[in-house]
Amino acid sequence: MGFFSQKPAHNNQTEKQNPAFYALVFVLIIMALGPIVLMLSTSLRLNVDIMNDSASWLIMPTLRNYETVLCNALWYTPEHVDYCNPTFGRALGNSLIVSLISTIITLIVGCMAAYALVRFRFMGRGVVSMSTLMMRMVPPAVLLVPVFGIWTFQYGLDGSYSGIILVYVAMNLPFVIWILQSFIVQVPIQLEEAAKMDGANALQTFFLVVLPVIKPGLAAASIFTFRIAWNEFLLANALLDRNTRTVPVTIVNSITEHDIDWGVIMATGMLLAVPPIIFTFIASKQIITGMTAGAVKG
Amino acid sequence: MQSSFNTNRLIPYFFLAPALIILGVALLYPIGYMIYASFLDWNPSQRIGEADWVGLRNYTFLLHDASFRESFFVTLKFASIVVILEMIIGVGLALLLDRNIRGMSALRTIFILPMMIAPIVVGLMWRYMYHPTVGIFNRTLKDWGFEAIPWLSDSWWSLVSVIIADIWQWTPFIFILSLAALQSLPRSALEASRIDGATGWQQIFYIKLPLMMPVLIVTALLRLIDAFKVLEVILVLTNGGPGLSTEILSLRISRTASEFRELGVAAAMSNYLLILLFVLTVAMFLYNKVVEKHAIKQQAKTEEA
Chain A
1 MGFFSQKPAH NNQTEKQNPA FYALVFVLII MALGPIVLML STSLRLNVDI MNDSASWLIM
61 PTLRNYETVL CNALWYTPEH VDYCNPTFGR ALGNSLIVSL ISTIITLIVG CMAAYALVRF
121 RFMGRGVVSM STLMMRMVPP AVLLVPVFGI WTFQYGLDGS YSGIILVYVA MNLPFVIWIL
181 QSFIVQVPIQ LEEAAKMDGA NALQTFFLVV LPVIKPGLAA ASIFTFRIAW NEFLLANALL
241 DRNTRTVPVT IVNSITEHDI DWGVIMATGM LLAVPPIIFT FIASKQIITG MTAGAVKG
Chain B
299 MQSSFNTNRL IPYFFLAPAL IILGVALLYP IGYMIYASFL DWNPSQRIGE ADWVGLRNYT
359 FLLHDASFRE SFFVTLKFAS IVVILEMIIG VGLALLLDRN IRGMSALRTI FILPMMIAPI
419 VVGLMWRYMY HPTVGIFNRT LKDWGFEAIP WLSDSWWSLV SVIIADIWQW TPFIFILSLA
479 ALQSLPRSAL EASRIDGATG WQQIFYIKLP LMMPVLIVTA LLRLIDAFKV LEVILVLTNG
539 GPGLSTEILS LRISRTASEF RELGVAAAMS NYLLILLFVL TVAMFLYNKV VEKHAIKQQA
599 KTEEA
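Sequence order for the protein chains is A and B.
Per our numbering, numbering through the first sequence is continuous, rising by one, with the last residue being 298.
Per our numbering, numbering through the second sequence is continuous, rising by one, with the last residue being 603.
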């Protein structure tokens, strides 16, 4: 993955740029981060202050909105909460369960398939990248009607975790297989042959030899899968019921109400945004690899 | 001996089976089901067996349905404007920022953030910023003594608002891909042109852009496909309104299914959308093949020179 390696070593020192260049970079950073910072700052203020026209930036930040959102998950009862609405806390738990399980299943199944495709030469990479592109082409809205019909009437999986997890696994599999394939191709076959000589069977070779080598690929694949499951709204909205709803669904439900408590809704939004933000800072390199893999290297 | 041979032959199938089963059960079957359902008059309280076969009625109904045509048009308008603007801004920024500066990777990390955050949350942030009274835009306009802008309540402005939010979220995608393309260009070609005395602009137009073209086309294609899938941001911002001014097809499909309870019509609409996307993908794929061949020739030429 050498696209991001900088220019050759003799050019190691950073070039001097003119101030206008840094001004541009600065403006871009402000533009990229501005809305996120604004959301964070709104989530730390009370609705009275948000609605107050003269409100300044100098108001003491408060965690009350977060306490309201998480009231049933906290170990203490916040004083300002008269009625604890358990929806958000529960939805947060649902979101975690659904995204984590679907990520794990997608990775295991995807890994096995990618390994078989590479080592046993079933289909060319062309077939897999074509079907990945085809899958990417299908908007979730297109799956809405059939998934609703089949899951409700034939599989009986509506309202359950397993129903939505099945959808997310299927949605992410083509991409995961495709990206893992490009990593597995790079694992030297000698490594596996050595393991076989030592008496390891196919499963042991796979889990003990291949998996550790393709860790970066697994990281990229898991972040992309988690993100889709964590952020998805449309199918979750159609399939899940009151008790299994995920956070995006509860957010949309609460903004249709007439007067919006911006502080609380922004706190919820912030909680939904935090895991992807953390991943971005930990693994931006892998994310960029995953993003560029399709276009830059073919 | 014989038995171990047999198990060895079965191993690949064993590794592939779970993926194939899941894809078949949860992806291929539903898509086939959708095609079947598009020929039915079906509402959500019926089992599919009870629905009446109506042939192509849903399709012909949609062709004559003014609001479907409106939303088809809105989708095309939204997708093309968004892709063109994002390509111009993203490629432009990549050309500007393709330098050896410290902190480039930090910059890239910051630019990915908008794409990683849930579209629902992006919609929420922008809806707050577009808020008629407490939103930052109208507040700033008022402070500077300008008229407030009806961001989400006017049919022209609401499309603009939706487009701005999408540009904020997705320009970084194009930026990162074109930056990667730029940095993988053959240094020799750039070096040679510099020695020949090409100016910065000449380098951009005669060397960098032509060599980047295959990547740029794939980037535009991926972005275009994704632009047709945008739903959550618009749902949160305007819910398709006012009127039908921002009601893109994905949104119309979901409303037809859940509000109007016409699953057959929604399925037919999904098919139209899929056909449209398929045609676009194939067209760009073929075009890319042509350009790629051209680029390889070009590259050979510049390397010879």
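Check each hint, because a few of them may be wrong.
[To be verified] No more than 20 Å apart at the CA atoms, straight line, and that leaves these computed lysine to any residue pairs for SDA-like: (1) 375(B) / 458(B); (2) 285(A) / 458(B); (3) 587(B) / 130(A); (4) 587(B) / 134(A); (5) 285(A) / 399(B); (6) 587(B) / 186(A); (7) 285(A) / 401(B).
Keep in mind the hints are simulated off the structure, nothing from the lab.
Evaluation of the provided hints:
no.	hint	result
1	375(B) / 458(B)	11 Å, holds
2	285(A) / 458(B)	33 Å, violated
3	587(B) / 130(A)	14 Å, holds
4	587(B) / 134(A)	17 Å, holds
5	285(A) / 399(B)	17 Å, holds
6	587(B) / 186(A)	26 Å, violated
7	285(A) / 401(B)	14 Å, holds
Of the hints listed earlier, those the structure fails to meet are numbers 2, 6, in rising order.
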